[in-house]
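Trainee: Position chain D against the provided structure of chain A, taking the given hints into account.
Protein chains in written order, with the numbering used here: chain A, 284 to 436; chain D, 5 to 736.
For the record, the hints were derived by calculation from the structure and aren't laboratory data.
From a predicted model like this one, the values you see are computed outputs, not experimental measurements.
Take these hints with a grain of salt, some might be off.
Claimed, not checked - Here chain A is said to cover these stretches of chain D; the calculated rule only asks that three of the stretch's residues, wherever they fall, bring their Cβ under 8 Å from a Cβ of chain A: (1) 204–214; (2) 224–234; (3) 585–596.
What the hints assert, rightly or not - Here are the simulated SDA-like cross-link-like pairs (lysine to any residue), alpha carbons at most 25 Å apart as the crow flies: (4) D:Lys-678 - A:Asp-404; (5) D:Lys-678 - A:Ser-412; (6) D:Lys-196 - D:Leu-683; (7) D:Lys-484 - D:Thr-462; (8) D:Lys-678 - A:Gln-406; (9) D:Lys-291 - A:Ile-323; (10) A:Lys-401 - D:Lys-196; (11) D:Lys-678 - A:Ala-410; (12) D:Lys-291 - A:Ala-324; (13) D:Lys-678 - A:Ser-409; (14) D:Lys-678 - A:Asp-408; (15) D:Lys-291 - A:Asp-299; (16) D:Lys-678 - A:Pro-300; (17) D:Lys-678 - A:Ala-426; (18) D:Lys-678 - A:Ala-371; (19) D:Lys-678 - A:Ala-434; (20) D:Lys-678 - A:Ala-375; (21) D:Lys-291 - A:Asn-342; (22) D:Lys-678 - A:Gly-433; (23) D:Lys-678 - A:Pro-400; (24) A:Lys-401 - D:His-615; (25) D:Lys-291 - A:Pro-300; (26) D:Lys-678 - A:Glu-405; (27) A:Lys-401 - D:Lys-678; (28) A:Lys-401 - D:Arg-616; (29) D:Lys-291 - D:Gln-660; (30) A:Lys-401 - D:Arg-671; (31) D:Lys-291 - A:Asp-301; (32) A:Lys-401 - D:Asn-673; (33) D:Lys-678 - A:His-429.
Every residue gets a Cβ at the ideal spot worked out from N, C-alpha and C, and that includes glycine.
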Amino acid sequence: MLSLNINGQPHQVDVDPDTPLLWVLRDVLGMNATKFGCGIAQCGACTVHMDGQAVRACNLPVGLIGERRISTLEGLDNTDPVANAVQAAWVALDVVQCGYCQPGQIMAAIALLRSTPKPTDEQIDSAMSANLCRCGTYMRIRAAIHHAAGALA
Amino acid sequence: MTTPPRTPSAPPTRRHILGAGGALLLATLWPTPRGRAQAAPRPQQGMLVEGAQGAFAPNAYIRIAADNRITLILPNVEMGQGIYTSSVMLIAEELGIDMAQVDIEAAPPGAGAEITGGSTSVMTEWLPLRQAGAAARSMLVQAAATHWQAKPEECSTRSAIITHVPTGRTLPFGAVAAQAAALPIPKNPPLKDPATYTLLGHSQHRIDSTIKVQGRAVFGMDVQVPGQKIGTVAACPVEGGTLAGMDRQAALAIRGVQAVLVNEQNNTVCVVADHYWAARKGLRALKPQWHNGPNAHVTTQTIYDQLHQGLSGPAIVANTKADAPGVIARAHATHTATYQQPLLAHAPMEPINCTAHVRPDGCDVWTGTQIADRALDTAAELTGLPKDKIAIHCQYIGGGFGRRLEHEYVTQCVQFARQVPYPLKIIWSREEDLTRDRYRPAYVDQMTAALDDKGYITALTHRIVGPAVVARWDPAELTKDGYDEDLSVATVITPYSYPAYRLEFARREAPGITTAWWRGVGGTRGLFVVEGFIDELAHRAGVDPVAYRRAMLAHNPRALAVLDKVAQAAGWNTPLPPGRARGVAVQFAFGSYMASIAEVEMPEPDNVIIHRVTAVVDCGRVLNPDQVISQIEGGLIFGFSAALYNEITLEGGRVQQNNFNTWRIMRMNEAPRKIDVLLMPSAEDPGGIGEVGTAAAAPVLANAMAAAQGRRFRTLPLLSPRNNAADGKEHG
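Isolated chain A, as found in the complex:
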């Protein structure tokens, strides 16, 4: 049995310690907002926060997480101004197309804005280029991050 702190709640899971967090979230705990895209940390669809940092859940073995706090998209606190501003910007600019990568994009964007409240285009590109979008919504993601930053200022 492994203990995990996910979205502020303790969870006991009975899996091998090499199991990536992604599959514990999705197939053991039934939390599906975090997506599977590649399994080798190349696409960012599985981006979650560990102690507030954006990490890839698909190659993060649960046995290495220990006490660190995991946050997923479904656990975002609706009183958190950054999370609210990012999601509101995504809706205001209709960023999504198929939407499959967007949970990862949003988690990456929230982590960026927490550390860099007024990012430049270059800082956005640098933080977000680990997250692939096959529909090509990059222009709107960039604009939505500026939009959210403006709303938080």
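Mentor: The following block gives chain D in isolation, referenced to the frame of chain A:
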């Protein structure tokens, strides 16, 4: 996000209850006391419902219950293109409801589901969905007018409420739903004057934006059926091979592994487990070995060689006008160029998956599919069950791009699911998704033009060598001569008109690979070739590429208008910073016109910076302007990714690219700095938009790169070494 299994044989209790309720309520008429409303809470906007019933169901698309719940049943599937939003707009505009009042359901196969592909959805929905809304409105208004003993033309509708304007009396739609249901359905209901539209033509937010940013949208990958197990598969990596051996005991020894399954064709194994990671570990332990079969020798060069060989010898004449070969034979000047395009994978962000529960008395399938009817057919065939015992539950699709016009993964899932008693979700690894895709074909095209003394075309011959995708996908659509008319898109069907023309097709099916539709279909292949060739001719004639095209478009005002506007918007005639160059492309495909200009810089021969893309679109009447812009932005980037980087290669019959570390996708830092999309106002019927941007991407970029480097880029991907100075030189 649990999607409960719906047993088709279960009694339709909801219909009976609502039906009875509707009758009862009609006796007293709405409104009921609030405490009596027992309806379940409405789902969040954009969440799919199933099996919606209503006291009023005038057609396949509209259900209105006595409690005023409105469900729209949408014929095309949502895979990012925004069709759910457009479909709701079309019905809501004529019906007189708010978009926020609507629940949505994906039309089940056999009951309104359409094939979603070829950028056809808006074109095919434009009239019937408005008519459906208008007919329903007319019946509801008639029912209310009868109740009031008033005239229908004295009534207005808004927000699902009918108002008798002279007296101010109102009734919600639900209150007259059952009465309306008893009325005859009008055949040709009057449609609104477009000048009075309040939704169509005005940007509306996507109805799926909120659920997608909250992670609540249910994709096929997210389906959770109680009791389900997770399987992952390995098919023989060489097409046509079979299973030679495996270590079943090693797989079963992995904690969590439940079963090892083999399909009837003995070419695919499936390891089933409690969760994906256990299945994946089980598959690794299983170490399947393969007889590679007859395609073990196939390499990429095998395919390219047979395509180039097809440039001579017999071919089908697919289109002809005057005597183009004769004109070319007599011409003082001719120009010939050969273009080559690679196999491409779809690689949607959501890897292929499907969930199926096969029981003795029924079968449920949950998946994302662009072709639900075929999913139903294959499930019926494999299970031997009648079609009314099979339910296909269509989910949101995490990127289609043509991949989900195939349904072999449904076949595969049902084959495995019928071997086990529990619901089985099959998830392909990204490696399986890329190496067992059905690929956009490789093609070689050769064009020859006869030129007048100013360098303009007097005759054009064009030979396409490659597969006929339609021959496998829909054999009845192959012409009796053996031509696939998809190849005419952006090839025969262009904004230009030539004095003499001949198109030939030499069919060559690729060995060892299955070819399929890919975003932009024939338009993506054709536009790269034709717009590249036109650009070559402009340079050869010493004429500005925009001016050269303008001279060829005098007969085509819509094409000329988008070209002129894009030249102005992109500053075509303004000076560029040092090191930058511009390229242009013009197109008519999928019923829409577009002209685009790319501005690039190439600091090194293999480094392309796309500074800016400007596109002007005339897609007829625009339904949801912001989503047209979004499709062009995204379609261009999707196309740039393939144009610059992508080529599926084969060694020993095996696909070499197996994940995003070897299948490069354009990232944000590589995407254009700026994309400006301008829409032309138009009252023409709407054209398609989902593939328009993708078709433009390769030619507009290749033409800009040619301007930057002074050499042609006739081979995709554009960064291929084949585009070296020798191959790319201008030659006549």
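Trainee: If a hint holds in the structure, say so; if it does not, say that too.
Mentor: How the hints compare with the structure:
| no. | hint | verdict |
| --- | --- | --- |
| 1 | 204–214 | holds (count 5) |
| 2 | 224–234 | holds (count 4) |
| 3 | 585–596 | violated (count 0) |
| 4 | D:Lys-678 - A:Asp-404 | 11 Å, holds |
| 5 | D:Lys-678 - A:Ser-412 | 16 Å, holds |
| 6 | D:Lys-196 - D:Leu-683 | 23 Å, holds |
| 7 | D:Lys-484 - D:Thr-462 | 30 Å, violated |
| 8 | D:Lys-678 - A:Gln-406 | 16 Å, holds |
| 9 | D:Lys-291 - A:Ile-323 | 20 Å, holds |
| 10 | A:Lys-401 - D:Lys-196 | 47 Å, violated |
| 11 | D:Lys-678 - A:Ala-410 | 19 Å, holds |
| 12 | D:Lys-291 - A:Ala-324 | 24 Å, holds |
| 13 | D:Lys-678 - A:Ser-409 | 17 Å, holds |
| 14 | D:Lys-678 - A:Asp-408 | 13 Å, holds |
| 15 | D:Lys-291 - A:Asp-299 | 20 Å, holds |
| 16 | D:Lys-678 - A:Pro-300 | 45 Å, violated |
| 17 | D:Lys-678 - A:Ala-426 | 11 Å, holds |
| 18 | D:Lys-678 - A:Ala-371 | 23 Å, holds |
| 19 | D:Lys-678 - A:Ala-434 | 22 Å, holds |
| 20 | D:Lys-678 - A:Ala-375 | 19 Å, holds |
| 21 | D:Lys-291 - A:Asn-342 | 22 Å, holds |
| 22 | D:Lys-678 - A:Gly-433 | 20 Å, holds |
| 23 | D:Lys-678 - A:Pro-400 | 23 Å, holds |
| 24 | A:Lys-401 - D:His-615 | 23 Å, holds |
| 25 | D:Lys-291 - A:Pro-300 | 22 Å, holds |
| 26 | D:Lys-678 - A:Glu-405 | 14 Å, holds |
| 27 | A:Lys-401 - D:Lys-678 | 20 Å, holds |
| 28 | A:Lys-401 - D:Arg-616 | 24 Å, holds |
| 29 | D:Lys-291 - D:Gln-660 | 19 Å, holds |
| 30 | A:Lys-401 - D:Arg-671 | 21 Å, holds |
| 31 | D:Lys-291 - A:Asp-301 | 20 Å, holds |
| 32 | A:Lys-401 - D:Asn-673 | 18 Å, holds |
| 33 | D:Lys-678 - A:His-429 | 15 Å, holds |
The structure does not agree with the numbered hints 3, 7, 10 and 16 stated previously, though it agrees with the rest.
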